[in-house]
Structure formats: structure tokens, C-alpha cells
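What follows is each chain in one-letter form.
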Amino acid sequence: MIETLQFVYAPQIINGLSIGVAVILMALGLTIIFGLLDVINMSHGEFYAAGAFLGLTLVAIGVPFWVCIVLVPAVLFPLGVITEKFLIQKVFNSKERHILTLLLTFGIAIVLEDLFKIIWGANPSKLDSPIQGAVDLLGVMFPKYRLFLMIFGALIITGVWVLIYRTPIGAIIRASAHDRNMAASLGIPVTWVHALTFGFGVALAGLAGILLAPIYSVFPTMGKDFILMAFSVVIVGGLGSIKGAVVAGLLLTQLQSISSLFISPVWSDPLVFGVMIIVLMFKPSGLYGGLKNG
Amino acid sequence: MDKTGRLAIRAVEIALLASAFILVIVGTITGDSFYLRLATEALIFGGLALSVDLLLGIVGLLSLGQALYFGFGAYLSALILKEVYPSFLLAMCLVGIFSAALGYIASFIALRSKGVYFALITFGLAQVVAKGVYNTRALGASDGLIGVPVIKLWTPFGELDTANPSVLFGLTFLVILCLYYCVKYFLTTPMGSIWRGIRSNEHRLSFIGIESTGPKRFAFVIAAIVAGLSGALYPILRGFVSPELLYFAVSGNAVITVVLGGVGTLIGAIFGSVLLTVLKSVIGTITAHHHIVIGLIFVFVVIAAPGGLVGWLKKKLDMRLGADRD
Amino acid sequence: MKRRVLILSALLSTLFSVSASAQTEPVKVGVVTPLSGVYAGIGQQVRWGLELATREINAAGGINGRRVELIFEDEEANPAVATQKAEKLFQVNRVDFLTGTVSSGSTLAVGQVAERNNRLMATTVSFADSITGDRCSPNVFRVNARAGMQSAALAAWMVKERPNADVFFLGPDYEMGRSTVAAFKAAATARGAKAVGEVFAPLDNKDYSPYFGQIRAAKPSVIYTSVAGNDTVRFFNQMAEYGVNKNVVLVGASGTVTSQNLAAIGKAAEGFVTGAGYSPKLDSPQNRKFVADFQAAYKTLPDLYGADSYGLMYFLKTAAEKAKSVETDKLRVAMRDHEWATPQGTKRMRAGDHQAMQEMYAVRIEKGDFNIIGRVSPADAIGPDACTRF
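Residue numbers (this note's numbering), protein chains in the order written: chain A, 1 to 294; chain B, 1 to 326; chain C, 1 to 390.
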């Protein structure tokens, strides 16, 4: 019994945690963008890929991995701001905003994916893990890098939560989400807040990209890897809720991880999807509601 | 829909009808096969786009998974023609009935939500079924089903062979024409007005005593039938079906064509499909990077011309006839 | 009188020039191959192999004195697109022959198009047994080795080097992945190996760590896998991360590690053994020349897709010269039981199922090289003729 717990369930749970951190990082940016801007960013996966590719190139020219972790989001941030200001804002004020922004970001995703293929080629590339080796965790080998990822990821997630809920900037962001016009009339440059928040969201995606590249490798279609899972997490957690993204992220990845012990792995995606539907049927706004609710 | 809007739609309808006639005549005389069949494929996917536009442009529901019904219709049609009896009428009738059933069942899951959630649920539904089909040996698994026989049609004038590209084009054209006018007809009924009301402001409808779920379900089922019947034509043209027909790429393309043609105009969906098929074929031969070109065109249209082609035409007509209107 | 002679000679010269231009009209070969999408890397090797061979053939006078022209179309790894492009090549470009398809779905669907257009086609990549087995077609030929042949080569090696091994199977959950695992399992267990576990991961799976518990519990001495492309990169690297590949021999299908993903897999591929129809390290004069020419032209080593595509053009050339024509029925007759020289030695196209017979190799990756460590003769590798359609 203890043996099963130690050698079968524990590794699955720990694995699920490391995958969970990855998914939450992706979902965070997505949920913030939707929570604030009311924009469904179908190109989020491509910004994740952009982060990975950028990291690949920087490391190849000799920039240390730890520097890249800072550099990559720093580069993607202005790119996101530009995308928001010059593309998304053009359709933002139309009556059909939801659909148009969804379609627009969908188009951007197509362009970006092909761009990656043109610049970096179609074949996969490897980004060497900065921390090699594995540790003995409860009798099972677990890679050190993944451990680092879990800890670092948790730190980032906490940092984002602190930023949004405990700082003046965060208050401005939440105010603009809650009531645009009121915030504007109080002197907040709402369009800039939108652009900067979008940049922040995709910078998070890019950070996830470079952090995960050593584990999942880099190739042009990698944007599609996490996107369905990220959207499921965002919906189940509640569009705009950070706490929701964390809880739902952990829940769904654990579900996937443990269920793979009992059912054929191909059914894990449908299972997650099924959970999403059930949650929507009984609590359509997700587990935790919106940005306002933490 | 005001006068210039209707005029723009009428103009595109006539343009498409005329092109179809010219194509058939020229094609039959020159013995062409490829372009007629390419046009047939464009029309088939135009039917799918029509179903997307019904939901998106009329009722206001963005479905990112209409390929589910399209692929379902294609597979069912292939199975009937191959295993049961190669009869066009049999396949179409059965596909129509079962697509309606599938749409009805799916509506209970999908219509639980609106807006973004609806889009994502329809997306997810299509993904799940696509995966299921991909893993089912009996349906050919990842290789799909080949060997769908070329069917012959019985008419009072004798037997027609769908191996003849002109015959097949004519048949497809008639089917899509019927579907188009059926959907258009619904728009003139009270149900059509309710649909437009839902798109406009669903919440308010309840204040005037109209319940919106029933009409939405009805539209959903109609869209499923339209997509399914269009899909049923696919194996008749290509002789095979594969799981790729249920993938997001197919649903996504349909949405692109609707936007290109003009959301809510119905004819725009069919025109957009023709346009995209031509674009892909031409650009694809010139460069391997056709995705980026189409992506850029799409982004441009969404930003600069959200009304699509019909919308652009309407604007031009407004300018031309503007002086006379007041 | 002079005028009549002039008119007559003008007429005659027009006649001659018309027939002369019919002679100098090129032999057109259509290539429907993935130039974008997941399989673009494979499509690239196919393209290079075909182009290199075509250049050589044209420099030596072409086929039956006619220049060879390749016409490329992108099939996007989607059978629906592949059939549309194949039709375009057959009907608009009027190609005499078609090749390039990669996935078995595309090959089967395009084969049907070829039948309906009364032309022949060949695949140089697809290795599903069904293509020259229960779903064979009189218009489809296969120049490359099929899954059964790859399994035979690998199983033969394993029996010698790791007899009675405990084998764990991991494959991608789709037709090709499952049938490849099934074929090798049958070949291996028939020779004394023991199957200690089996798992099928979804295609494009990101994380294989959920399966490592199972694998460790089964304590295999050999792990067989049929993943490919990006999946291989992730599976191998993650196994190395977790130490699952310690004291285990990794073996797999020939598409698992190729020149497209070898760089990304890196050290984790060291020691991997597969059964394949080609290795760039094959030590024959013809292969040495082929590899040198390929590298000079494209700055990269050829892999099995490039080599088999190169071999295809010579198959077409020599068969067309035997038939003195590229007309479909004559060409088909010439191609059956045809033997021709390739970088892998002499191949023979079996008439019963249109499957090429060739020597098969057990190949191990050592320091980034595909070294040959075992051979199986063509007759032993090929397996039975399961095609009953013709």
C-alpha cells in the first residue's frame, strides 16, 4: 500500500504539479488579458512560442540562460504593447468586439506560426537545460530542472498576484477592468493601460516559453501544445481570476496525471473537456468569477 | 438590412450565378475537369461557411466547431455510399436526418453558454469527436476511408454520371442553391426576426416575452443540417474521407471565408469560400508560404474591412447612390 | 516549280518540327509533398533527393532523350489538400508520373486519384504495410522499405545481441504508431523476446513523464518506440532527464530518429538502434558518391527519405527506357519485377504487390552517425505478398 503510494501515486502527483505550473503560467497571461481587456487572445500560444524561439537564438549567440529569462519577457512586452495598440485597438470599439478580436488574434496566430517556420525552419531544436541531473525524491528520480521550474513558477505566480492585488499599478488595472469610463474620468490613461496589460500578459506567455523549452523542445507549431489546456483552465477557473487559474490549473493537471494511470491516455483531453463542460453547466462564470474577485 | 445592403447582396448573388453558368458552359465545351471540380469543392466548403454565417451573422453565435457536422456528414455519406447502397438520395436523406439529430443533442451542451464560452465549447466538441474518429479502426482510423464509388444519378432524362465534372458541379450547385434559399427563407419568417433580435440584444427579448433558447436551438439544428449535407457531398467529389475534415483548420477556414465575404450576408459565405479556394490554389503554387499570405490578408480584412466584400460593395453603393437617397 | 518546292519543304519542315517538339517535350513528374506544416522537414529531403537525381539524369540526356521536369505542390500533410493538388498536377499540368506523398493517408487517397486519372504514382516515404498489402493499387508503387521490413531487420539484430529481452513498447496512438508496434512485437516475440508492457501516448504528446512510472515498474531491458518527429525529441530528452534510459537499449521504427530531429535529440539518441532501409554511412561506391553530391549541393547529409526519393527517379528512368515510353500501361509492365541500381545497391520491384525489395540494415546512432551494425537480405526482409487486387 505504502509502496503503491510512494512509487505509483507520488510520482504522478509530483509530475502533475510540474506540468501544472507550466499550464498555469500560460493561463495567467490569458486570463489577465481577458479579465481586463475582454479580449480572447487566440495568438497567446504563438507568443509562448516566440519566447521559446527568442530564448533559443539568444542562448545560441552566447547569452546565459538566466539572463534570457529576464531578457525574453522584456522583449516580448513591447511587442505585445505594439500589437495591442496598432492592431487590436483598431477593432476594439466596434459593436462586434468579442468576435472581431477573436478573429483578429486568430489571424495573427496564423501569421506568427508561419513566420517562425520561415525564420527558424520546420525542424525541432533543442535548448539545453541549464540545470542537469536528477534528485532522489522519495525513492524516485526527479529532474532538478523541473524542481527549479516548480519553485520559480510558484514565485512568479505569487509575484503576479501581488502585483495585481497589492500594488497601485494593480489597482489601476483592476479599476480599468471594472469600469472603463469611470477610470478614464479619474485621469487613468485607459488605452495605455490596455496596451501595457496585453504586453504584460504575452510577456508571461513568452517567459513560460523559454522556461519550458528545455523540457518540451522548440518548433514552429509548439503554440498549439498548451492552448486547449490553458483555455480550459481559464474557463474553469473563471475568466479574469488569478486564483481561479491557479486552482483550476492544479486541479485539471492533477486530473490528467492521475487519470492516465487508469484510462488510456488519449481520453485525458476529452476528460478535461468534460470537466470544463460540467463546471460551465453549473457555474457558468467558472469557479471564481472575474478579475474583481481575486 | 437597408436598400443598399440588399442591393449589394443581390449583386453578389447574380455575379456568382453568372460565373457558375459560364464555368459550366466553358468547362463542358473545353472538356475541363480540374477547374470544375475545384469549383465544386469551393461550393461544398461554401455550404459549411453558410452554416457558420447563419449562426454568427444572423443569431450572433460564433461556432468554432462546425467542422464536426461537416465531417460527420462526410463520413456518414461515405459509409452509406460504400457499404449500403450508392444512392445519392439515400445518402442525403439519411445525412440530413442524422445531422439534425446530432445538432439537437449537441445543442444541449453548447447552448448552455454564450459568447466566448460557446465558441470554446463548440471548438472543444469538434476536437473531441475528431480525436475519437482518428482512433476508431472501423472508420479507417488516421488513414480515413477510401474507395467510395462514383455514383450515378437517376433522372427522368436518363442516367447521369458524377464522374462527369460538369454533372457533379451542376448537382453540387443545385444542392447549395437549395440550402442557401432555404436559409434565406427562414430569415423572412418570425423566427428570423427573433434570431436577429438575439444577435442584437438577447437580454431585452425576455422583456418582451420572447424566449430565446428555443429559437437558438432551432438555428443550431438548421446549421448542423446545412453543414452535414454539405459534408455529404465531399466523398461524392473526392471518393474518400479522412479525420482532417473534422479538424479546427476546417472550422477556422470557414470562419475566415465568412469574414472575407461579409458576416451576416449569407451569400458572402459562399463567395468567400470561392475566393479563398482560388487564393489558396494560386498562392499555393507560387510559394510554400501561403499561410502567411492568407493570414495577412485576413488580418487586413478584419481591421480595415470588417464587413467583408459585401460590406465594401455596400459602401461603394452608398457613395454612388447616396445623393439620390435623400 | 520553285514555289511548289518551297511550299513543300516548308510543309515538311513544319511536320518535322512538330514531331521534333513532341520528342523534346519534357517528361513531367508531379510532386505532391508537404512543404509546410509538421512534415515539412521530410518534404524538404524528398525535394532534394528528387532534384539531385533529376539534375544528374538531365545532364546525361534525360529519359528516352527527353528532359525531366519536376513540378511541386504543397500537400500540407492533409489528404484533402493532397488529392486536390494531385488532380491539378494530373489534369492541368498533365504530368506523366506522380510522387512525394508522405503520410499513408495521403498516399492512399492520391493513389485513388491516380487510378481515376489512369496514371502511375510512387511513394518514397509512407511505410504503412497496407499500401502494398490489403489496400494495394495497380497504380501505386513503393520504392522505400515498409514497416514489416524494418521490423524484420531490427528483430534479427535483437535476437543476436539481446536474446530473450524484456521489451516495453511505447507508441503514438494512431494507425501508424499502433501497427508499427504490433509488427515489431510479433517479430520479436516470435524470436524469444518477452513483452513486459505497452502504452500508447496521444500524438503530439508533450510530456511523457506520466508513463515513466509504468516503464520503471516493468523493468525492461529494451524499450521499443514508434514515436516520430517532435514526439521523439521530447520522449528521448525526458527519458534522459529522468534517467529512465539508463541500462536500457532504446530501439524503434526507422522514422523515429532522422536527420530532421537528430540535432534536437542530441546525446539522448546515443545508442538508439533501428531497422532501416538506408544509412548515409553505407559503404558502397554508389552511396559514397551520392552522399558527397548531396552534401555539396545542400550542405546536409541525406536521410532515408532523400535517398529513396533519389532512387525513385532512377527507377522511373530505367523502367521508362525499358518500355521505351512513359505511357501508363507500358510503364506499369516495365516496372513489375524491374531491377535498378540505387545508393542501397540493387533493388527489385516485386510484381505481386509493387513493393521494392532491398537489403535492410540494423542502424545504431553513435556520436551522431548512423552506423550499420547488421544486415538482412532482401528476400528475408520482405515478407509475404498480401496484395490480392491484382
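These aren't lab readings, by the way, just hints derived from the structure by calculation.
Don't take each hint at face value.
Computed Cβ-Cβ distance ranges for the label pairs, DEER-style [as the list claims (entries may be wrong)]:
#, chain 1, residue 1, chain 2, residue 2, range
1, A, D128, C, K194, 49 to 57 angstroms
2, A, K224, B, A305, 26 to 34 angstroms
3, B, I22, A, I61, 39 to 47 angstroms
Anything over 12 angstroms on all C-beta distances counts as not near chain B; from chain C, calculated [unchecked claim]:
#, residue
4, G61
5, D74
6, P79
7, D385
Beta carbons: idealized from backbone N, C-alpha and C, even for Gly.
### Task
Could you tell me which of the hints above the structure violates, numbers in ascending order?
1, 3, 5 and 6
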